[in-house]
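Heads up: the sequence lines are chains B, E, P and C, in that order.
For the first sequence, the numbering used here gives the first residue as 1, with consecutive numbering after it.
For the second sequence, the numbering used here gives the first residue as 1, with consecutive numbering after it.
For the third sequence, the numbering used here gives the first residue as 1, with consecutive numbering after it.
For the fourth sequence, the numbering used here gives the first residue as 1, with consecutive numbering after it.
In short, the hints are calculated from the structure, not lab data.
Misleading hints may appear alongside valid ones.
[To be verified] Not close to chain P: a few residues of chain B, all C-beta gaps over 12 Å, as computed:
no., residue
1, Asp13
2, Ser17
3, Arg25
4, Phe44
5, Glu80
6, Ala87
7, Ser138
8, Glu147
9, Ala227
10, Thr236
11, Met259
12, Gly261
13, Gln265
14, Arg266
15, Ala287
[What the hints assert, rightly or not] The calculated lysine-lysine pairs, modelled on BS3-like cross-linking and capped at a C-alpha distance of 27 Å, are:
no., chain 1, residue 1, chain 2, residue 2
16, P, Lys571, P, Lys544
17, P, Lys393, P, Lys310
18, P, Lys169, C, Lys71
19, E, Lys4, P, Lys34
20, P, Lys34, C, Lys71
21, C, Lys12, P, Lys186
22, B, Lys247, P, Lys754
23, C, Lys12, P, Lys169
24, B, Lys247, P, Lys756
25, B, Lys24, E, Lys4
26, E, Lys8, P, Lys34
27, P, Lys284, E, Lys4
28, P, Lys169, B, Lys247
29, B, Lys286, P, Lys449
30, C, Lys71, P, Lys408
31, P, Lys549, P, Lys8
Glycine included, each C-beta is placed from N, C-alpha and C at the ideal position.
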Amino acid sequence: MHPFDYVAATSVDQVNSVLAEHGKRARPLVGGTDLLVQLRGGRFELDVVVDIKGVPEANVLDLNGSLKMGSAVSCATVYENEAISAAFPGLMDAAELIGGIQIQSRASMAGNLCNSTPSGDTIGPMIVHGGQVNIVSSSGSRTVAVEDFCTGPGRNVLEDGEWVLDITFPAPSSSFGAAYERFIPRNEMDIAVAGAASSLTLDGSGNISEAKVSLAAVGPTPVTVGAIGDLLEGKTPTAENFEAAGKIAYDAVSPISDMRGTIEQRRHLSGVLTRRTLAKAAERAKAG
Amino acid sequence: MVDKIHVKTTINGLPQEFLVDPFMSLLETLRDVLNLTGTKEGCNDGNCGACTVVLDGRIVDSCCVLGAEIEGKTVETIEGMAGPDGLHPLQQAFLEEAALQCGICTPGFLVSAKALLEREPEADEHRIRYWLAGNLCRCTGYDKIIKAVQKVQA
Amino acid sequence: MVSTQEYKVIGTRPIRHDGLDKVTGRAVYGADIKLPGMLYGDVLRSPHAHARIKSVDTSGAEAMDGVIAVMTSADMPEAGDKIVDLGEGEINLKYASNHIIASGKVNFKGHPVAAVAATSTNIAREAVRAIKVEYEVLPSAITVDEALADGAPIICEEMVGDDLGEEVKNTNMASHFRHEFGDLEKGFSEATTIVEHRYDLAMVHQGYIEPQNATAVWNEEGRIKVWVSTQGSFSTRTQIAGVLQIDESRINVVPLEIGGGFGGKIPIYLEPLAAILSKKSGGKPVRILMDRTDVFDATGPTPGGWVNVKMGVNDEGIITAAESDIRFDAGGFPGSPVGAAAMCVFSCYDIANTRIDGYDIIVNKPKTAAYRAPGSTHVAFATESVVDEICEKIGMDVVEFRLKNASKEGSRRADGPIFPLIGNVETLEASQASPHWQSELVRDGGNGKLRGRGIANGYWFNIGFKSSVNLSVNTDGTVMLVEGSTDIGGTRVSIAMQAAEVLGIPAEDVRPTVVDTDSVGYTDVTGGSRTCYATGYAAYNAAKSLITKLTTRAASIWDLSEDQIEFSEGKFASKSDPELSMTFKELASQLNDTGGPVNSTGAVDLENAGGSFATHIVDLEIDPETGKTDVVRYTTVQDVGTAIHPSYVEGQMQGGAVQGIGWALNEEYFMSDEGAMENASFLDYRMPTSLDLPEIETILVEVPNPVHPYGVRGVGETPIVPPVAAIANAIYDALGIRLRSAPMNPGRILVALKEKNG
Amino acid sequence: MARVFIPFALRKLTDGVTEVRVSGGTLREVIDNLEEMYPGTKERIVENDAIKSGLAAVVGEQPTREGLRTKVGEDIEVHFIPHIAGGRAVARCGSGLGR
């Protein structure tokens, strides 16, 4: 492994300056569960890693209707918070099934996002919860929707010197529900063969006023299927409508075959998981 | 070349000070710098749990942590599990229930299981199996490990 | 027949002597060794599955700060074409040498090409990357069918294959042999139902958690000391001696604690490299550790390949004929377990007319090694699936059919020999009576999930071979036991218990230690289910010898002749004078006044143990929408001879079953077209976690082995034999689809369901 | 007389005979007598005065541990079973029964 230096940053400015100085040769460190493994495997080389776990702003976890989640907050910290669990069920579903407990204790959702693998379990749920990424650098900050963050396998919109400080989510309405499910051959410690995150908002008469589905591991980036929203809006949350949504998902994805699954298997699973997560999201929306 | 980093930390309740290469994992640091070889390497990529330690109250795979990261923190390893009064009840239960065969995964399982029982003493079988899913054992089929954990709960 | 023998120690569950060190982190495993001045090694491995090495330039590595020694195959002595017996299996030294470091050609991805010793792990790793190798990439053959196809690349070019006794050149077929008994055509002509299918299996790995490691010192006297994680210290010594062309007596192998093996830690990989690097660095200790990718790429998995089984039965449900064609990929050098597979394929049945063809085929994959009952799981998948299908066709209960055709004492195994006393029938009967088999299967698993139940049989012969044990008595009445069998799963305690039973003292009073090859007599590997049987027998003999010597001491104390003294129930006593009686402990306290220390030795070279049979029952729950399978209930029933320490016998049964479950459902070498294993990590190799399993119920059947004083049979390997077939049969029961390729993963189940449902 | 079972690969040398009665008090004598009856068989079973590597000699029920010295009783079965070994680079590999 190419020897790299370690900086334990304590302020946003310190992170900014290290990243500005080293460009592509530096990256922030949170859980290390992807970064250190990739460095060890020779995937790329760095001269510096900047530990951001000591930066106060990256550790914010603030629920005030909306949710602000610092990029250093571990998955375990999120799902152990009952109020957040109740208000953001899609995030909960994902946070609880990443890796094992050891990984959940370290890995953050922002780290999962920045790793930008198509199979990243938390990305779809953050999309359907309407997450906005707060990107900072020495030259300022900008906001990008989670949905627009990933640009390809392992690639994203971050420019040299930029990093994610936090992700914010709008306050869900009382008739909002969301869910995430992935398919893996084992019951834990696995990478999604396919995954689906769904959210629904119901109107006063119980009809669907808004629906969103984002699929994992079935394209170069998370696949948000707009056509499902179009189909479901104004409809009732019935098994038949969700079945139809599943068919749209089946047709909308363009997966590859690899060691984790085949094209046909992934398309099929996209349909099944879309239907199942929509149904679960509807249950949660009804429960308020 | 990069310079070594000076780290002050607390391991198994004792203050420790050492120099470590900044790119060295906590697993390597424990084993090669501090001679705490009870923590084992099985995969070095966060998928087997053999290197599980407690870092500031949470279990982590020490292969996915840098040695430099433990500055000012507390670490608990298998070497700190038994006290002056003897074995931890989990260690005793693992012996009595034959919950180990080759023993290489045992330290990781014990550290994980202890963390579970401290948080959730009433965990049911499914919860125990879920909590320990990050620890691979290839010898036992897990049966006797689960029974040993349950024995301590009883 | 079930054991009725009364024992004091055997059958109890004492805490294992080495347990305390293992639950406190004090136990020293191979990678835990740290010696003064130690250097850290690393190995450069081929990125190609098949290539000619045109040049190796090590100058970049040699120039780096902190690099002390660099080696290639040029540093290895020329190994002759000599077969060496390893106890369980044999190796050809020329291939062994080429396997350890490639000479001229690489035969699989991960094949070592060069090695480095440096002052730190990271410098060694960087130095390896600085070595430049020029390869001429060759076409590769990954499966047995590819390797036997016309125009296939020839992998071991100088090898001469053996086709039913005839020499064949320019082939990847190392061997083709046949067993034939009775009249096959006549047998099939008597059959009214015939079923024939081919079963394919992917290569799978033992998956031990501790990677291979070796630390060596080659000193100025030309003596080598090696600290290592191995199943056999003496077989390691033999292999090192052969590959390095050094007398065995100049090598001392120190076996440290071993983090799993399952057959995979019998071959050597790193030891000669560490030794040569030590020599080149002036006698400094050199430690080399594999990482997990190295373990998958370059140690010895069990073969992939296929097994064809054809079986015919008559109207009474009697098997009249059976035929099998077994083709295993040996990996990059010859030597798969196809011979063992041929012994096992029909071993659960008494069949008059049989023919078995076995093929050992070289492919561009890692050289295979033993893996728990090597070869038997493959053939059980085929035979037990065919049996299940036959039972359905003729409408016979699957257990009744197996009982009706069961092999028993006097039956001829399809490779020739007659079975001694075996417990096949007793195991089947116990399965039939088990709570699991007697329970009703609820077919609806809820949420659209479907349940099914499957059952399958399995057999493994247990080897005997050589073991040595030394005993010495302490004056406090305890006994030190020194053995050469490395302890992977609790054999220290099971061997100590057998000595304790003879001596009439508690298991805790016998202290077992595993020592290096300088310190105990020759002992074969911990493998072949032999350790509790053979090393236990050696301990028994040593303990008997101790009693004889102690009887002499008692005689001298009481001024009697030896034949006037008897030893029973842990007491030495005069046959005539009831007043004269001493416990073992009391006599031990008088040793220093009666001639000093008393020691003894037991050494054996045993024939095979007769074998062990198992029946496994499994209930599955399958989600037909995703193809996901969950095991919801599992029972293992096995003839264990006599269970010395029942907890560790159960542990073997449970662990073997779970490895088999992983093999059945998800584990495989997922190979690229270029011959690279794409899933070489625990993340994507998908071994079962605790959450993937239910309780594994165990039923111990005890049909004592008549050739062992306590009736011990080997129990370690048989448990991995039935699971793949049992799960295939349960999938059929749940979904009505017969899967004939392992792993039977969700993708395959979905495809099969789609074919069935259109 | 022992019942010697002829391995498939040797049956060309025995004109297809699969089982033959051979006298001899030890395995060595049995193999020598078999060679008398069917020339060429011995060199396929014995090498360097031992059972060839890659072959297991079964006398009775289990592979013998005493090699050519094994006592062979009346009516006892003798088998020579190939067990695949690590192979050989030049000539003979695998089953040990090759030439």
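Now for the hints, and whether the structure bears them out:
Against the 12 Å criterion, B/Asp13 stays outside the reach of chain P, whose nearest CB is about 32 Å from its own CB. The beta carbon of B/Ser17 is kept farther than 12 Å from every beta carbon of chain P, the shortest such distance being approximately 27 Å. Its beta-carbon lying about 17 Å from the closest one in chain P, B/Arg25 satisfies the requirement of being farther than 12 Å from that chain. Every CB of chain P lies more than 12 Å from the CB of B/Phe44, the least distance being 14 Å, so the non-interface label holds.
Under the 12 Å C-beta cut-off, the non-interface status given to B/Glu80 relative to chain P holds; the minimum distance is some 20 Å. Every CB of chain P lies more than 12 Å from the CB of B/Ala87, the least distance being 27 Å, so the non-interface label holds. At the 12 Å boundary, the C-beta of B/Ser138 stays outside the reach of chain P, the nearest C-beta of that chain being 31 Å off. B/Glu147, annotated as away from the interface, keeps every beta carbon of chain P farther than 12 Å; the closest lies near 26 Å.
For B/Ala227, the non-interface assignment is confirmed: its Cβ lies about 22 Å from the closest Cβ of chain P, beyond the 12 Å cut-off. The beta carbon of B/Thr236 is kept farther than 12 Å from every beta carbon of chain P, the shortest such distance being approximately 22 Å. B/Met259, annotated as away from the interface, has a beta carbon of chain P within 12 Å; the closest lies near 4 Å. Listed as outside the interface, B/Gly261 is inconsistent with that label: its C-beta sits roughly 6 Å from the nearest C-beta of chain P, within the 12 Å cut-off.
With a minimum CB-CB distance of about 5 Å to chain P, B/Gln265 fails to clear the 12 Å threshold, and the non-interface call is violated. For B/Arg266, the shortest C-beta to C-beta distance to chain P comes to about 9 Å, within the 12 Å cut-off, and the non-interface label is violated. Under the 12 Å C-beta cut-off, the non-interface status given to B/Ala287 relative to chain P holds; the minimum distance is some 19 Å. With a CA separation close to 14 Å, the supplied pair P/Lys571 and P/Lys544 stays within the 27 Å bound.
Straight-line distance between C-alpha atoms of P/Lys393 and P/Lys310 comes to about 14 Å, which keeps the hinted pair within the 27 Å bound. For the suggested pair P/Lys169 and C/Lys71, the alpha carbons sit about 38 Å apart, so the restraint of at most 27 Å is broken. Between E/Lys4 and P/Lys34 the CA atoms are separated by roughly 21 Å; this keeps the pair inside 27 Å, and the hint holds. Between P/Lys34 and C/Lys71, the direct Cα distance comes to roughly 51 Å. Violation of the 27 Å bound is thereby established for this hinted pair.
Using a Cα cut-off of 27 Å, the hinted pair C/Lys12 and P/Lys186 holds, with the two alpha carbons roughly 22 Å apart. The straight-line distance between the Cα atoms of B/Lys247 and P/Lys754 is roughly 16 Å, inside the 27 Å bound, and the hint therefore holds. Restraint check for C/Lys12 and P/Lys169: satisfied, since their Cα atoms lie roughly 21 Å apart, inside the 27 Å limit. About 21 Å separates the Cα atoms of B/Lys247 and P/Lys756, which keeps this hinted pair within 27 Å; it holds.
At most 27 Å may separate the alpha-carbon atoms for a hinted pair to count; B/Lys24 and E/Lys4 meet this at roughly 23 Å. Taking the CA atoms of E/Lys8 and P/Lys34, the gap is near 24 Å; set against the 27 Å cutoff, the hint holds. A C-alpha spacing of about 25 Å is found between P/Lys284 and E/Lys4, which places the hinted pair at or below 27 Å, so the restraint holds. Pair hint P/Lys169 plus B/Lys247 does not hold up; C-alpha atoms about 57 Å apart against a cutoff of 27 Å.
For the proposed pair B/Lys286 and P/Lys449, the alpha carbon gap of about 26 Å is at most 27 Å, so the pair holds. The suggested pairing of C/Lys71 with P/Lys408 holds, with an alpha-carbon distance near 26 Å, which does not exceed 27 Å. Restraint check: the Cα-Cα separation between P/Lys549 and P/Lys8 comes to about 22 Å, which is no more than 27 Å; the hinted pair holds.
Taken one by one, the earlier hints fail for this structure at numbers 11, 12, 13, 14, 18, 20 and 28, listed in ascending order.
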